[in-house]
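Top to bottom, those sequences are chains A and B.
The first sequence runs 1 to 111 under the numbering used here.
The second sequence runs 1001 to 1115 under the numbering used here.
No lab work stands behind these hints, which were simulated from the structure alone.
These numbers come from a predicted model, not from an experiment.
Be careful, since some hints might not be right.
Residues from chain A that face chain B, not an exhaustive set, calculated with beta carbons under 10 Å [unchecked claim]:
#1 37
#2 42
#3 44
#4 52
#5 62
#6 88
#7 90
#8 99
#9 100
#10 101
#11 104
#12 108
Note that CB positions come from ideal geometry on N, CA and C, so glycine has one too.
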Amino acid sequence: SQQGEEDPQALSIQEGENATMNCSYKTSINNLQWYRQNSGRGLVHLILIRSNEREKHSGRLRVTLDTSKKSSSLLITASRAADTASYFCATESGGSYIPTFGRGTSLIVHP
Amino acid sequence: EPEVTQTPSHQVTQMGQEVILRCVPISNHLYFYWYRQILGQKVEFLVSFYNNEISEKSEIFDDQFSVERPDGSNFTLKIRSTKLEDSAMYFCASNFGGHRSYEQYFGPGTRLTVT
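Just need the whole structure built from these sequences, with the hints factored in.
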């Protein structure tokens, strides 16, 4: 299975702290993406990292990819209450443009 | 900023009835997708559509499901005879596809409740 699995399932932190979420997958990928989903809403694309990349930044977000360990991490620095959401990793492989989602990490940032 | 829109936001239907969920993808996108998310579970791929035909579909997308792009803007998902287990959020997504972009832009979803 190409399925990414996020860890932890739930994370609760205080505003200003950093939040780190991890994603592991089973077989070789073309790219890995992180999405955010606010409660009852659609998914919002955050970052795409390709298999030949090791790290990407976007604002307060930092994503790393370790293909030897088949894992990725999403770091949100200086978290805000508005970052409260579920975060999903999604992997794509082969010739498919279909992302396969994990179950997500539920992040709660307390003000 | 252009966005994917979906209607209705919430649809309640009785078991056995047909439903059509509607989506308006971003206008210059070429690939269109439907996903579903049963409450509390992961997002699951249903079908992708390109050049007026299905390009990929999952095991979930059986004969009860169909998709159509009836005009230049709408993209619809039809469930012919709904079952209780079809209750879920249904998300439409679109992107350029190919080498231009893997990122998919998701709509806000339609909550389908089958009673």
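For each hint, the structure was consulted:
no., hint, in the structure
1, 37, "8 Å, holds"
2, 42, "4 Å, holds"
3, 44, "7 Å, holds"
4, 52, "14 Å, violated"
5, 62, "18 Å, violated"
6, 88, "7 Å, holds"
7, 90, "8 Å, holds"
8, 99, "7 Å, holds"
9, 100, "7 Å, holds"
10, 101, "4 Å, holds"
11, 104, "7 Å, holds"
12, 108, "16 Å, violated"
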